Amino acid sequence: MKILSKKIIADSFGIRIVKLTLSSFEISRKARAGQFVVVMVSEKGERVPLTIVDSDAQAGTIEIIFQEAGLTTKVLGSLGAGDNLYALVGPLGRATEIKEYGNVILIGGGVGIAEIYPVAKSLKQAGNHLTVIIGAKTKELLILENELKSLSDKIYVMTDDGSYGEKGFTTTILERLLTQDKYNLVYAVGPLPMMKRAAFVCQPFNIKTIVSLNALMVDATGMCGCCRVTVKGEIKFSCVDGPEFEADTIDWQELENRNRMYLDKEQHACKLNFQRE
Amino acid sequence: MIKEPIKVKELSAQERVNGFAEVVSGYSEQEALAESSRCLQCKNPACISGCPVNINIKKFIFQVTKQDYAGAYFTIRKTNNFPSICGRVCPAEYQCRKGCVLNKSKLAYCSPEAINIHFLERFVGDYGMRNNLEVEIERAGEPPESKVAVVGSGPAGLCCAGELVRKGIKAVVFEGLQSCGGVLRYGIPGFRLPRQVLDYEISCLIRSGVEFRTNTIVGKTIFLDDLFQQGFVKIFLGLGAGVPSFLGIKGENFCNVYSANEFLTRVNLMSAYKFPEYHTPVNIGKHVLVIGGGNTAMDAARCALRLQKTSGVKPDVKIIYRRTLAEMPARRLEIEHAQQEGIEFKFLTQPKEFRSDSGGFVQELACLDCELKEADESGRRKAVAKDGSDFNMPCDLAIIAVGLQANQVLTNVVPDLKTDKYKDIVINSQTMETSIKNVFAGGDIVGGEGTVIEAMGMAKKAALSILQNS
Ligand SMILES: Cc1cc2nc3c(=O)[nH]c(=O)nc-3n(C[C@H](O)[C@H](O)[C@H](O)COP(=O)(O)OP(=O)(O)OC[C@H]3O[C@@H](n4cnc5c(N)ncnc54)[C@H](O)[C@@H]3O)c2cc1C
Ligand SMILES: Cc1cc2nc3c(=O)[nH]c(=O)nc-3n(C[C@H](O)[C@H](O)[C@H](O)COP(=O)(O)OP(=O)(O)OC[C@H]3O[C@@H](n4cnc5c(N)ncnc54)[C@H](O)[C@@H]3O)c2cc1C
Ligand code: SF4
Ligand code: SF4
Ligand code: FES
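If you're matching them up, the sequences are chains A and B in order. If you read the first sequence in numbering that gives the first Met the number 0, its first letter stands for residue 0, the second for the next number, and so on. If you read the second sequence in numbering that gives the first Met the number 0, its first letter stands for residue 0, the second for the next number, and so on.
Derived from the structure by calculation, the hints contain no laboratory data. Keep in mind it's a predicted model, so treat the numbers as computed, not measured. We put the beta carbon where it would ideally sit given N, CA and C, even for glycine. Warning: the hint list may mix true and false statements.
Stated by the list, open to error - Cut-off 27 Å, straight-line C-alpha distance, at most; resulting in silico cross-link-like pairs (BS3-like, lysine-lysine):
| # | chain 1 | residue 1 | chain 2 | residue 2 |
| --- | --- | --- | --- | --- |
| 1 | B | Lys-103 | B | Lys-146 |
| 2 | B | Lys-285 | A | Lys-264 |
| 3 | B | Lys-460 | A | Lys-43 |
Unchecked claim - In silico contact screen, one side only, chain A against chain B (beta carbon under 10 Å); selected entries:
| # | residue |
| --- | --- |
| 4 | Val-37 |
| 5 | Ser-41 |
| 6 | Lys-43 |
| 7 | Thr-60 |
| 8 | Leu-78 |
| 9 | Asp-82 |
| 10 | Tyr-85 |
| 11 | Gly-89 |
| 12 | Lys-98 |
| 13 | Gly-101 |
| 14 | Asn-102 |
| 15 | Val-228 |
| 16 | His-267 |
Model the full structure from these sequences, guided by the hints.
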């Protein structure tokens, strides 16, 4: 549970994205693309889910990349090499189904780019042809561009403000690509509106579309139902049945609402408990 | 002349709802002596067969009358590892006390006249705790070479590990969460089972040599095969029934509709009642409805009431139950305590649909009135909703406590491990061995939601069977 190294990989507009390398022999050996860990920063901390972005079984390490969003991720971002986490557990959730699909589009938005990286890596190894679309608010907040470039057969970069790549949304490119060519799978991770939009764009093309949902979680082992989402009209627990689901059957409005359940409390806790030195 | 049963001291309702302090104070020595003197020392003590682990109740009560508390402690410890815990949470009125000759009730639970066996057990257990009484470790001749893995740290896992180390076998407990105890930690609130009592029992196990590995999910972090490869000769599975059931009605995923497990986990395991010092939040409603009639419902309702109190909200918590008071499966004491604390009970009521405001937060619960039919073959009276009896209840926070199912994190990834239609693990009831050789199971993962002492009884049986050929 020790932090071995830390790197701030983006810092702009008051947004910081941090990469940590953690030692965990057991998790590194079992981790598969699409899975996540839960961390607690202290005995009083929350249990927060974060994707396993990379793992090295030989070295016994895993990598996480996160945006400092609220209290837990800010405290996590203030830790450094040599510090210990109070709890680290995983790998959790179902792994991505890796096989040869053929032509695959991967879309990552914001810190979601970190979450498509391990999937891109595994899909590449399985012999897929990868088209990657990544997007961020602005140039400085774009992460893992080079890493994804080296895996992809074609890469598109978008920024909201046009400071780099094309100006606009990732889903605009997605629509263009789907109209031009035949693809076998779309895999999208990012802010909810982006994933929802991706689902909407893909629907008329009748293409298998997978998203990784970021429902709120507590135990993340299937024991509480905090993470429940409605998929195909049925209750599913994101942490054990997901986090990936087929996009066209998700109740997005419900998920958006549920993710706002603690908004004021989160802000309150963060103000009280966190001051950057 | 039969003497009056000795009442146990409790914090007053007004006092206790302002926090999470323990409600029942337990017998003083005088009270324990008085209560134990009521026991008739029956020739055929039916109390004993009512106890799932057949504690020699007659004997331990006799020892209490003789003020031989240490003796009483060791009598109980012969079959129950954690008297301080069971004395606090055991539904004795459905078990040992129901069998007691002094019981006058024909219902599923005993009348107040039955000896307060659980309170005496708690008195003796707490005596043992205060005096650090510990059952000796018996070394079976040679030094232990075999080690056994115990998966899950609920009552079943703790009991199994305790039994094994006592016989000189090395036991390592793997727990998925960050702290140990299972339901005793994340489900049952501190006002019923103070954390110090649980921590004490766990510290005793550590002292006697049990090793605990938290944050380790067997089936995720480490597989059964890995455990065998690491030299564990046998494995005990005490995975529990951790998966909450939902009602299957409309609107169940609205904001502020919780499963009891989520609500209790936030409050107990994550200490959300101390938010923001502890970082996990939990919402508090003005009109809280808790759906269900078991211990889980009582615990959730009483936690919700305390949260309302401590955050200055006018208390309003109602329990909605399909049947009536008599059919409620919860411990009678918890029902009484909930009533004293001001929780309202709405019986013969079936939830139909949640409705929300424009932001997706629950706003009201549509309900139906029910009537009770004659008992069916199962002996349970069925509640049937009356057509056209619709009515609405205001509700800005709902807690669903309608049962728990098997934890499937492990069984899902081990297809060889045979489960039944409820996803409970199938065992050989003689040996507690599963369909996989050298893998044993007990507690709620076998036979579904039960009681703490039943889980421990099964674990003990499994431990004996593990010991027989280790
Ligand atoms: C399976 C899974 C994998 C994830 N992987 C990553 C990852 O690799 N990198 C990363 O940066 N984040 C990831 N997240 C999201 C991450 O868990 C949240 O950002 C984190 O919980 C925020 O905690 P906090 O205490 O810092 O912020 P809080 O104070 O809890 O919240 C701050 C803000 O973030 C929002 N928020 C909180 N939780 C979530 C959530 N689960 N999803 C979306 N918004 C949320 C809140 O509404 C609020 O606006 C993942 C979530 C899930 C469920
Ligand atoms: C709210 C509530 C109140 C209750 N009140 C009472 C009461 O008053 N009296 C009473 O007698 N009974 C009560 N019960 C029932 C009683 O708590 C259970 O019967 C008992 O806890 C079952 O014990 P167990 O050891 O089988 O499982 P649990 O107590 O459920 O423990 C299982 C443990 O295993 C862990 N686990 C599961 N899978 C894995 C895995 N793959 N790897 C690692 N760890 C794993 C879980 O995290 C958990 O800690 C109550 C139950 C609830 C939910
Ligand atoms: S363990 Fe429970 S059933 Fe057995 S004697 Fe004690 S209180 Fe009674
Ligand atoms: S049945 Fe009741 S009175 Fe008789 S020995 Fe048991 S506890 Fe005592
Ligand atoms: S987070 Fe508790 S069930 Fe998924």
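Cross-check of the supplied hints:
A hinted pair counts as satisfied when its Cα atoms are at most 27 Å apart, and B:Lys-103 with B:Lys-146 does not qualify at roughly 49 Å. Distance check on the hinted pair: B:Lys-285 and A:Lys-264 sit about 17 Å apart at the alpha-carbon level, within 27 Å; holds. Under the criterion of a C-alpha separation no larger than 27 Å, the hint pairing B:Lys-460 with A:Lys-43 is inconsistent with the structure, at around 37 Å. With a cut of 10 Å, the hint placing A:Val-37 at the interface with chain B holds, because the nearest CB-to-CB distance is about 9 Å.
Interface hint at A:Ser-41: satisfied, since its Cβ lies 8 Å from the closest Cβ of chain B, which is below the 10 Å cut-off. Against a cut-off of 10 Å between C-beta atoms, the interface hint on A:Lys-43 holds, since the closest Cβ of chain B lies about 5 Å away. Because the closest C-beta pair between A:Thr-60 and chain B is about 15 Å apart, greater than 10 Å, the hint is violated. The interface hint given for A:Leu-78 is broken, as the beta carbon of that residue sits about 15 Å from the closest beta carbon of chain B, more than 10 Å.
Interface restraint check: A:Asp-82 against chain B, minimum CB-CB distance 17 Å, threshold 10 Å, status violated. For the restraint placing A:Tyr-85 at the interface with chain B, the shortest Cβ-Cβ distance is roughly 7 Å, inside the 10 Å limit, so the hint holds. The closest approach between the C-beta of A:Gly-89 and any C-beta of chain B is roughly 7 Å, which is under the 10 Å cut-off, so the hint is satisfied. Of the supplied interface hints, the one on A:Lys-98 is violated, with its beta-carbon coming no nearer than about 19 Å to a beta-carbon of chain B, more than 10 Å.
With a cut of 10 Å, the hint placing A:Gly-101 at the interface with chain B is violated, because the nearest CB-to-CB distance is about 29 Å. With a least beta-carbon distance of about 31 Å to chain B, the hint placing A:Asn-102 at the interface is violated under the 10 Å criterion. Among the interface hints, the one on A:Val-228 holds; its C-beta lies about 8 Å from the nearest C-beta in chain B, closer than the 10 Å criterion. At about 6 Å, the closest approach between the beta carbon of A:His-267 and any beta carbon in chain B falls short of 10 Å, and the interface hint on this residue holds.
Violated hints for the displayed structure, listed by number in ascending order: 1, 3, 7, 8, 9, 12, 13, 14.
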